[in-house]
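Peer 1: Chain by chain, the residues:
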Amino acid sequence: MATLKSYFKGLGTAWNSKRMTLLLYILLLIFTFTVIIPFFSVLKKETGYSMSVYPLLKNFDFTVYADFLQHSGKAVKPFVSIAIWLSVFYIFFGVFLSGGIIHIIYNQENKFSLKEFFAGCGNYILPFLRITIFSFILQVIIAILVYVPLMGYLDSLKETAESEATLVYTFLTGAAIHLILAAFVMLVTDYAKIMLVVNESKKSFVSFWLSFKFFFRYFFRTVFLYVLLLILPIAFATGYFLFSEHFAITSKQSFVIVVGVQQIFVLMRIWFKIWFYGSEISLLTGTLGIQKQTVSNEEWDVKALEIEEEEIEIDPDEL
Amino acid sequence: MKTKLICAVFLFTSFVNAQPTISKQPLSPRIANYQMDVRLTPSTKIVEGKEILTWHNVSQDTIKELQFHMYMNAFKNTKSTFYNEGGHRFRGGSYKDRKEIDWGWVKILEMKDTGGNDLTNDMKYIHPDDDNKFDQTVLSVKLVNPVLPDSTIQIEIGFQTKLPKAVARSGFVRDYFLVAQWFPKIGVYEVPGQRHATKGGWNCHQYHANTEFYADYGNYDVKITLPKEYIVGATGIERETKLNTDGTKTVNYYAEDVVDFAWTASKRYQIFKDEWKHVKIKAMVQPEHAGLSNRLITAVKQALEYYEQHLGIYPYTTVTIVDPPYYAGAVGGMEYPTFFTTFTTWGIPDNLRFIESVTVHEFGHNYFMGLLATNEFEEAWMDEGFNTYYETRIMDHYYGEKTSVVDFLGFRIGDFELMRSGYTGMTNPKVAATATPAWKFPYGYSTFTYSKTATWMTMLERLVGTETMDDIMKTYYKRWKFKHPDGKDFIAVVNEVVKKNHGDKSGGNMNWFFDQVLYGTGVLDYKLRSIRNVKVEKDKGIFDNPADTLNNSKITRDTTWYKSEVFVERLGEIQMPVEILVHFDNGFEKLERWNGKERYKIFKYEKPHKISWAKLDPHFKLTMDINLENNSLNIKPRTSVIWKYAAKALFWLENMFLGTSMMF
Chain A
0 MATLKSYFKG LGTAWNSKRM TLLLYILLLI FTFTVIIPFF SVLKKETGYS
50 MSVYPLLKNF DFTVYADFLQ HSGKAVKPFV SIAIWLSVFY IFFGVFLSGG
100 IIHIIYNQEN KFSLKEFFAG CGNYILPFLR ITIFSFILQV IIAILVYVPL
150 MGYLDSLKET AESEATLVYT FLTGAAIHLI LAAFVMLVTD YAKIMLVVNE
200 SKKSFVSFWL SFKFFFRYFF RTVFLYVLLL ILPIAFATGY FLFSEHFAIT
250 SKQSFVIVVG VQQIFVLMRI WFKIWFYGSE ISLLTGTLGI QKQTVSNEEW
300 DVKALEIEEE EIEIDPDEL
Chain B
0 MKTKLICAVF LFTSFVNAQP TISKQPLSPR IANYQMDVRL TPSTKIVEGK
50 EILTWHNVSQ DTIKELQFHM YMNAFKNTKS TFYNEGGHRF RGGSYKDRKE
100 IDWGWVKILE MKDTGGNDLT NDMKYIHPDD DNKFDQTVLS VKLVNPVLPD
150 STIQIEIGFQ TKLPKAVARS GFVRDYFLVA QWFPKIGVYE VPGQRHATKG
200 GWNCHQYHAN TEFYADYGNY DVKITLPKEY IVGATGIERE TKLNTDGTKT
250 VNYYAEDVVD FAWTASKRYQ IFKDEWKHVK IKAMVQPEHA GLSNRLITAV
300 KQALEYYEQH LGIYPYTTVT IVDPPYYAGA VGGMEYPTFF TTFTTWGIPD
350 NLRFIESVTV HEFGHNYFMG LLATNEFEEA WMDEGFNTYY ETRIMDHYYG
400 EKTSVVDFLG FRIGDFELMR SGYTGMTNPK VAATATPAWK FPYGYSTFTY
450 SKTATWMTML ERLVGTETMD DIMKTYYKRW KFKHPDGKDF IAVVNEVVKK
500 NHGDKSGGNM NWFFDQVLYG TGVLDYKLRS IRNVKVEKDK GIFDNPADTL
550 NNSKITRDTT WYKSEVFVER LGEIQMPVEI LVHFDNGFEK LERWNGKERY
600 KIFKYEKPHK ISWAKLDPHF KLTMDINLEN NSLNIKPRTS VIWKYAAKAL
650 FWLENMFLGT SMMF
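So the sequences go chain by chain: A and B.
Take the first sequence: its position 298, counting from 1, is numbered 297 in numbering that gives the first Met the number 0, and each next residue is one higher.
Take the second sequence: its position 133, counting from 1, is numbered 132 in numbering that gives the first Met the number 0, and each next residue is one higher.
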C-alpha cells in the first residue's frame with residue numbers, strides 16, 4: 000500500500016511540475032541544438048544543390064546513404080564524437096539539474112521558481128557529483144564482476160556448446176543480470192541524492208551508504224515501486240516505436256506530426272523522471288516517517304546548511 | 000607400350016560403362032574420372048584410401064608428366080604459400096594457436112600405373128607460381144609410360160589426408176567434418192586453343208590465400224566408410240549405404256560430369272527434403288536451425304527457377320544444401336558441384352535475408368564454376384563476379400530491389416545496392432584491374448572480383464537492355480557449358496549478341512567496354528557541374544546589319560527568353576555514353592545523349608523557360624559511377640530531407656543525453 004501511495008504521490012508531484020518539466024525540456028533542447036544547428040548547416044552544405052538525397056525523404060535508401068557517407072562522411076563523422084563527448088558532459092549537467100528537481104519537490108513542496116530551482120542545483124552539485132562518482136565506480140565494478148566471468152564462461156562454452164543459441168541465451172542471462180544490478184545502483188543513487196537533500200547534509204558517502212542500507216532493508220518496496228514506475232514509460236516507448244514503424248516523414252505535414260510526437264516523447268521522459276523522484280521521495284520519507292521541515296527562502300542559505308547530521312530524523316541504526 | 004595403352008583405354012571404357020549412369024549421354028568430355036574408396040577415422044581426423052584416376056589425354060601431345068593439386072598441404076605448416084599470402088589469418092581464424100591435430104596435409108602412400116610401375120620414385124613438388132620451395136600444393140609425377148595423344152591412362156593412388164581444423168572451406172571441428180579439396184587431384188592439361196593457349200601445357204596452380212580452383216570434368220564414384228552414426232552428404236547422388244560388421248557403414252556417392260567432389264559428415268544433421276521439377280533438394284541443417292530449413296529450400300527453388308528462365312536448365316538431378324554449425328563457420332559459404340555450404344544463424348529474423356543471399360550465391364556456383372568451368376585461379380571474376388551478378392538479380396527479383404537483403408526496423412538494403420557499395424566504397428578502386436589473377440591482387444581481391452564485376456555486369460545489362468543481356472548469357476551458357484571458357488570467349492559472345500541485337504550502335508563491338516571495366520583500372524565519375532539561366536536582353540550598341548540583333552525577333556515579344564546551359568564533365572578515366580535529363584520550369588523535359596568521351600560538354604538552350612533542374616544518368620545505367628552526389632543539380636535546393644534528418648538527429652541526441660544522464 001505504501002508503495003502504491005508513493006506511486007500516486009509521485010504522479011501528483013509530476014502533474015504539478017509542469018513548469019519544471021518545461022524548463023528541463025528547454026534546457027535539453029538548447030543543449031542539443033549546440034550540435035544540431037551546425038549539423039544542419041553541414042548537411043545543407045554537403046548536399047548543396049544536388050538532388051541525390053531526395054529519395055531519402057520517402058524512405059531509407061541505402062545507395063544514397065552509402066554514397067553520401069562515402070563523399071561527405073568526413074564532414075559528418077566529427078558530430079558523432081562531439082555527441083559522445085556532449086553526452087558525457089550532459090551527465091554532469093544532469094547531476095546539476097537533479098539537485099534542483101529534488102530541492103523543488105522536497106524542500107519547496109513542489110512550488111517551482113527559477114531562483115529556487117537553480118539554488119538547489121548549485122547547492123547540491125558537489126555532493127551529488129560525489130554520489131555520481133560512487134555510482135560510476137559501483138557500475139564499473141558490477142560490469143567487471145558480471146562481464147569478466149561471463150566472457151570467460153562464454154569462451155569455454157564455445158568449445159563445448161553445440162548451438163549458438165546456448166551462447167546467446169547465456170549472454171542474455173548475463174546481460175539481464177547486469178541490467179538488474181545496474182538498475183539497483185541507479186536506485187541507490189537516486190535515494191542517496193534524496194537522503195542528502197532530506198538530511199540537509201553534504202556527506203555524500205554517508206548518504207550513499209544510508210541509501211544502500213535503505214534499499215536492501217526495504218528491497219521489495221523499492222523494487223516494486225521501481226517496476227511500477229517503469230510500466231508507463233515502457234508502454235509509452237512501445238507506443239512510440241509502433242508509431243515510428245508506421246509513420247514516416249514524407250511531407251511537411253508528416254514532418255510536423257512526427258517531430259511533434261518525438262518532442263512529446265522527450266518531454267514525457269523528463270516528466271517520468273520527475274514522477275520517479277516524486278515517488279521515491281514519498282517512499283523514503285513515508286517509510287522512515289520523516290516529517291518535512293519547511294525551510295523558507297530566507298532561511299535556506301544560512302540555517303538549513305547548518306543542520307547537522309545528528310539532528311536529522313533518519314536514524315542510521317534504524318536502517 | 001601400345002599394349003599398355005590399349006589396356007588403359009579398355010580399363011577406362013569398362014570403368015565408365017560398368018557404372019549405372021545418370022545421363023543418357025555424357026554431358027561433358029569426362030577427362031578426369033575418379034573411383035575412390037576411403038575411410039574416415041574421426042578420432043585422428045584422417046581420411047585414408049585409394050583413388051583410381053582415369054585420365055584422358057585429349058591433346059595431340061604426348062604427356063610425360065602428370066601434375067596434381069595437393070591442396071591440403073596448404074595447411075601443413077607456416078611455410079606454405081597459402082599461409083604466407085594470407086597474412087597469417089584466414090577464414091577460420093589465426094594459425095597462431097594451432098595444435099598439432101589442427102594442421103592438415105595430404106600424402107601419397109603409393110602411386111602406380113596400370114603396368115604396375117611405381118611412380119612415387121619420380122615425383123616432386125613444384126612451384127609454378129612462386130619460388131616458395133616449401134610449398135607442397137602441386138605435385139609433379141614423371142610417367143614411366145607417357146600418355147599418347149587421344150588416349151587414356153589409369154593411375155592407382157593410395158593417399159592419406161589429415162584434415163585441418165576448419166580453415167578456408169574445409170576441415171573438422173570436434174566431430175563435424177566438411178571434406179573438400181581433400182584428395183590428390185589432377186590439374187588441367189590445356190590444349191592449344193583452349194582458353195586461348197598457344198601450346199599445350201599443364202595449368203596447375205599452387206593453392207593461394209585468395210584462389211579457388213580449376214579442374215576438368217569427369218565422373219566420381221566414391222565409397223566412404225565411417226562410423227555408422229554419422230550422417231553423410233556429398234556431391235552427386237547417394238547410390239547405396241551398406242552397414243559393416245565393425246560398427247561402420249559404407250556410403251556410395253556417384254556424380255557425373257562434375258569438376259569436383261566434396262562431402263560432409265556429422266552426427267547432428269537434420270535432413271529436410273523437397274523437389275523442384277527434376278531436382279531433388281536436400282537440406283542438411285543443424286537441429287537448432289531446423290526452423291530455417293524452409294528458407295534455405297525456398298531460396299534454392301527460386302534460384303533454380305530464375306536460372307532456368309534466364310540462363311539455362313540445371314542439368315543435375317540433385318542439390319544438397321549444407322548448414323555447418325556455428326563453430327565451423329570457416330567451412331560455410333562454399334560451393335562444390337550439386338553440393339554447397341551456406342551460413343545460417345539461430346534466431347535470424349525473416350527480413351534479414353543474409354542466409355537467402357548466401358544460399359542463392361553458393362547455389363549459383365553450380366553454373367559459374369560447375370557448368371561453366373572457368374579458371375578460378377586466373378579469372379576469378381568469371382565465376383565469383385558473374386555469380387554475384389546473378390545473386391543480385393535473383394535476390395532483388397524475389398525480395399524487392401531495395402529490400403532484398405535487409406528490410407528491418409526501417410532499414411532497407413537491396414542485394415545489388417550492397418554489392419555496388421562494396422566497390423564504390425573502396426579507398427583506392429584504381430589499385431588493380433578486375434582481370435588480375437586472383438593471387439596477384441595487392442588487396443581488395445573480393446571487392447574487385449565480386450563487387451566490381453557484379454557492378455559492371457549490371458551496367459552492361461542496363462546499357463544493352465535486360466533482354467539482350469539475357470540473350471548474351473544464354474548464348475554464353477549454351478556455347479560453353481561443360482567447357483573451360485575464358486574472358487575472351489565471353490567477350491566474343493557479348494560482341495556477337497550485341498551486334499545481332501543492336502547492330503553497330505555500340506561501335507561494332509563492346510571491346511571498348513571491357514578494356515575499361517575489366518582490363519582497365521580507371522574509375523567512372525561524371526559530374527553535372529552547373530546550370531545557368533541568363534535572361535536574354537535586347538541587344539544594345541551599333542550593328543552594321545540590324546538583322547544581327549535579336550531585337551527584331553523573339554526578344555521583342557512579351558515573353559522573357561533565357562539562354563540556358565547545362566555543363567557536364569567527366570572526372571574519371573572511364574568513358575561511357577551518358578544521358579542527361581534537363582527539366583524546364585514549364586514541365587518540359589529533354590533527354591540529352593552524350594558519348595561521354597570529351598572531358599566536358601555544354602548543352603545550350605534558348606527558350607522562354609528556365610531550366611529548373613537537370614539529372615545526369617537519370618535511369619541509373621552507369622552503376623559504376625563512384626559519386627552519385629554530383630550527378631544532379633536543382634536551382635532551388637529542397638531542404639526537406641535535411642530537415643527530416645536533422646529532426647531525427649535531434650530526437651536521438653535528446654534521448655542519448657537523457658539516457659546517459661539518468662544512469663547516474
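Honestly, the hints are just simulated from the structure, not real lab data.
Because the structure is a prediction, the values reported are computed rather than measured.
Be aware that one or more of the hints could be misleading.
To be verified - When the alpha-carbon atoms are kept at most 30 Å apart in a straight line, the in silico DSBU-like pairs for lysine-lysine are as follows: (1) K603(B) to K620(B); (2) K43(A) to K562(B); (3) K44(A) to K499(B); (4) K609(B) to K157(A); (5) K266(B) to K157(A); (6) K44(A) to K281(B); (7) K498(B) to K43(A); (8) K477(B) to K57(A); (9) K498(B) to K562(B); (10) K498(B) to K534(B).
To be verified - Covered stretches of chain B, going by a simulated chain A footprint (3 or more residues, C-beta under 8 Å): (11) 412 to 422; (12) 630 to 637; (13) 649 to 658.
Claimed, not checked - Footprint (simulated), chain B over chain A, 3 or more residues, beta carbon under 8 Å: (14) 6 to 20; (15) 108 to 117; (16) 128 to 138; (17) 145 to 154; (18) 199 to 213; (19) 219 to 227.
Cβ atoms here follow ideal geometry from the backbone N, Cα and C, with glycine treated the same way.
Peer 1: For the stretch 108 to 117 of chain A, do three or more residues have a beta carbon lying closer than 8 Å to a beta carbon of chain B?
Peer 2: violated (count 0)
Peer 1: What's the verdict on K43(A) and K562(B), does the C-alpha distance respect the 30 Å limit or exceed it?
Peer 2: With a Cα-Cα distance of about 28 Å, the restraint between K43(A) and K562(B) holds, given a limit of 30 Å.
Peer 1: Within a Cα-Cα threshold of 30 Å, do K498(B) and K534(B) meet the stated pairing?
Peer 2: violated, 46 Å
Peer 1: Counting residues of the stretch 128 to 138 of chain A whose CB is closer than 8 Å to a CB in chain B, do you get three or more?
Peer 2: holds (count 4)
Peer 1: For the stretch 219 to 227 of chain A, does the count of residues with a C-beta closer than 8 Å to a C-beta of chain B reach 3?
Peer 2: violated (count 0)
Peer 1: Holds or violated: are the alpha carbons of K477(B) and K57(A) at most 30 Å from each other?
Peer 2: violated, 43 Å
Peer 1: Check, residue by residue, whether the stretch 630 to 637 of chain B contains three or more positions whose beta-carbon lies closer than 8 Å to a beta-carbon of chain A, and give the verdict.
Peer 2: holds (count 7)
Peer 1: Using a Cβ cutoff of 8 Å, are there at least 3 residues of the stretch 145 to 154 of chain A near chain B, or does the coverage claim fail?
Peer 2: violated (count 0)
Peer 1: Per the coverage rule (Cβ-Cβ under 8 Å, at least three residues), is the stretch 649 to 658 of chain B covered by chain A?
Peer 2: As far as the stretch 649 to 658 of chain B goes, the hint holds, because 8 residues have Cβ atoms under 8 Å from chain A.
Peer 1: Keeping to a limit of 30 Å between CA atoms, is the pair of K498(B) and K43(A) held or broken?
Peer 2: violated, 46 Å
Peer 1: Given the proposed pairing of K266(B) with K157(A), does the C-alpha separation stay at or below 30 Å?
Peer 2: This hinted pair holds, its Cα atoms lying about 18 Å apart.
Peer 1: Are at least 3 residues of the stretch 199 to 213 of chain A within less than 8 Å of chain B when you compare beta carbons?
Peer 2: The restraint on the stretch 199 to 213 of chain A is violated, since only 0 of its residues have a Cβ under 8 Å from chain B and three are required.
Hints 3, 4, 6, 7, 8, 9, 10, 14, 15, 17, 18, 19 from the earlier list are contradicted by this structure; the remaining hints agree with it.
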